[in-house]
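**Student:** Sequence:
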Amino acid sequence: MNTFWKSFPDVERSLTETCELIEQTLHTRNEDIEEALVTLARSGGKLLRPAFFFLFTQLGDEEKQEKQQLLKIAASLEILHMATLIHDDIIDDSPLRRGAVTIQSQYGKDVAVYTGDLLFTEFFTLIADAMNGSEFMKINAQGMKRLLLGELDQMSHRFDRRMSIPAYLRSVNGKTAELFSLSCLEGAYFGHSSKEVQRLAKRIGRHIGIAFQVYDDILDYTADTETLKKPALEDLSQGVYTLPLLFAYQAAPDVFSPYLDKGRAITLEEAAEVAALVNDYHGVTEAQAFAKKVTNKAITDIQQLPDGTAKETLLSLTELLLHRSF
Numbered sequence: 113m114n115t116f117w118k119s120f121p122d123v124e125r126s127l128t129e130t131c132e133l134i135e136q137t138l139h140t141r142n143e144d145i146e147e148a149l150v151t152l153a154r155s156g157g158k159l160l161r162p163a164f165f166f167l168f169t170q171l172g173d174e175e176k177q178e179k180q181q182l183l184k185i186a187a188s189l190e191i192l193h194m195a196t197l198i199h200d201d202i203i204d205d206s207p208l209r210r211g212a213v214t215i216q217s218q219y220g221k222d223v224a225v226y227t228g229d230l231l232f233t234e235f236f237t238l239i240a241d242a243m244n245g246s247e248f249m250k251i252n253a254q255g256m257k258r259l260l261l262g263e264l265d266q267m268s269h270r271f272d273r274r275m276s277i278p279a280y281l282r283s284v285n286g287k288t289a290e291l292f293s294l295s296c297l298e299g300a301y302f303g304h305s306s307k308e309v310q311r312l313a314k315r316i317g318r319h320i321g322i323a324f325q326v327y328d329d330i331l332d333y334t335a336d337t338e339t340l341k342k343p344a345l346e347d348l349s350q351g352v353y354t355l356p357l358l359f360a361y362q363a364a365p366d367v368f369s370p371y372l373d374k375g376r377a378i379t380l381e382e383a384a385e386v387a388a389l390v391n392d393y394h395g396v397t398e399a400q401a402f403a404k405k406v407t408n409k410a411i412t413d414i415q416q417l418p419d420g421t422a423k424e425t426l427l428s429l430t431e432l433l434l435h436r437s438f
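Each number in this note's numbering comes from the position in the sequence shown (counting from 1) with 112 added on.
A few of these clues could be false.
What the hints assert, rightly or not - Pairs of lysine-lysine residues, derived as BS3-like cross-links and limited to a Cα-Cα distance of at most 25 angstroms, are as follows: (1) Lys179 to Lys250; (2) Lys307 to Lys423; (3) Lys307 to Lys176; (4) Lys257 to Lys221; (5) Lys314 to Lys409; (6) Lys158 to Lys374.
Claimed, not checked - Each pair of labels, with its calculated beta carbon distance range: (7) Gln362 to Glu135: 44 to 50 angstroms; (8) Met267 to Leu432: 30 to 36 angstroms; (9) Glu146 to Asp366: 16 to 22 angstroms; (10) Thr151 to Arg315: 34 to 40 angstroms; (11) Ala377 to His139: 40 to 46 angstroms; (12) Thr151 to Asn391: 31 to 37 angstroms; (13) Asp373 to Lys307: 49 to 55 angstroms; (14) Thr151 to Glu385: 31 to 37 angstroms; (15) His139 to Ser119: 29 to 35 angstroms; (16) Glu382 to Ala240: 46 to 52 angstroms; (17) Glu146 to Lys176: 48 to 54 angstroms; (18) Ser369 to Glu146: 43 to 49 angstroms.
Don't read these hints as lab results, they were simulated from the structure.
Here a beta-carbon is modelled for each residue, glycine too, at the ideal position from N, C-alpha and C.
Hey, can you work out the whole structure from these sequences and the hints?
**Tutor:** The structure is reproduced here in structure tokens:
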């Protein structure tokens, strides 16, 4: 369990049970793949999506809640996230994830594709068991579609010097914010909260997801590989132009164009030079200001939630995500 949650013992207890269920779910006939999946599950992920899910369940009616149903939904959210990480690593040819060797690097891309696909089936199995044919079966399928479309949007703009900030945000809305929004909404709904809390939950999750991804992209320009537990400047090297670079490019296109014109031929040394220039031209500070602005939108909505421990934890956690190191 990530030490991130030591300050939030109620959430930590629920996440510990969720992790136990995830490990039970990951049994396969292939011992190597099972070991790799368990390693990924145990390797220090922050478990933010199930955490936000549980926090929103705490705003509901505890007497109407079914513990096993909630655990299965929480596990489904993290398993869906794990599946997208495995496929991301294939696309990026990434050797590291959370400080450990990736499945695609250790076993090959073919095995990694099937492993990610296997997790998608486990995701649907869990929600089928937990949701009993509710409308959220369709909502989950639609959410998964938007998530994948966000990834496709990002892929279609690789090495695209014309990449715009609205296009970047459209991708982020799908590939990251969608699952945060779903996690918060499902917590409110299956926790038996009011319609108003459900409405706020969906919007809070989306704003938190956008801010989280922007800050993740900032860390790519400010942290090293050891801190990130994955290769630094990986997005830039893969032609994924994120908000810090887009802000800096707007300020000085003539400075950045010679580097970006290199496309796939850009070297690691040149990528490091671009990172320094992104800082020099205030791309990082502008992206930080943007992340703070979106976070404040989430905080404004959280302040409208019913008073109590869950609300206070949501406020603390949302602010904390802007000050993390990885």
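**Student:** Each hint: holds or not?
**Tutor:** Going through the hints against the structure:
Distance check on the hinted pair: Lys179 and Lys250 sit about 22 angstroms apart at the alpha-carbon level, within 25 angstroms; holds. With a C-alpha separation of about 17 angstroms, the suggested pair Lys307 and Lys423 falls inside the 25 angstroms cut-off, and the hint holds. As the CA atoms of Lys307 and Lys176 are separated by approximately 16 angstroms, the hinted pair is consistent with the 25 angstroms bound. For the proposed pair Lys257 and Lys221, the alpha carbon gap of about 23 angstroms is at most 25 angstroms, so the pair holds.
Distance check on the hinted pair: Lys314 and Lys409 sit about 13 angstroms apart at the alpha-carbon level, within 25 angstroms; holds. Distance check on the hinted pair: Lys158 and Lys374 sit about 35 angstroms apart at the alpha-carbon level, beyond 25 angstroms; violated. The hint said 44 to 50 angstroms for the Cβ distance between Gln362 and Glu135, and at roughly 46 angstroms that hint holds. Range check, Met267 to Leu432: Cβ separation about 31 angstroms, and the 30 to 36 angstroms hint holds.
Between Glu146 and Asp366 the beta carbon distance is about 53 angstroms. The supplied range of 16 to 22 angstroms is therefore violated. Distance hint check for Thr151 and Arg315: the Cβ-Cβ separation is about 35 angstroms, which falls inside the suggested range of 34 to 40 angstroms. With their beta carbons about 44 angstroms apart, Ala377 and His139 fall inside the hinted range of 40 to 46 angstroms. A beta carbon spacing of about 34 angstroms between Thr151 and Asn391 agrees with the range 31 to 37 angstroms that was offered as a hint.
In this structure the supplied range 49 to 55 angstroms holds for Asp373 paired with Lys307, their Cβ-Cβ distance being about 52 angstroms. Checked against the hint of 31 to 37 angstroms, the pair Thr151 and Glu385 passes, with Cβ atoms roughly 35 angstroms apart. Take His139 and Ser119: their Cβ atoms lie about 32 angstroms apart, and the range 29 to 35 angstroms holds. For Glu382 and Ala240, the Cβ-Cβ distance of about 49 angstroms falls inside the hinted range of 46 to 52 angstroms, so the restraint holds.
Separation of Glu146 from Lys176 is about 36 angstroms and departs from the stated range, judged on CB atoms against 48 to 54 angstroms. As the Cβ distance of Ser369 to Glu146 is approximately 48 angstroms, the hint placing it in 43 to 49 angstroms holds.
Hints 6, 9 and 17 from the earlier list are contradicted by this structure; the remaining hints agree with it.
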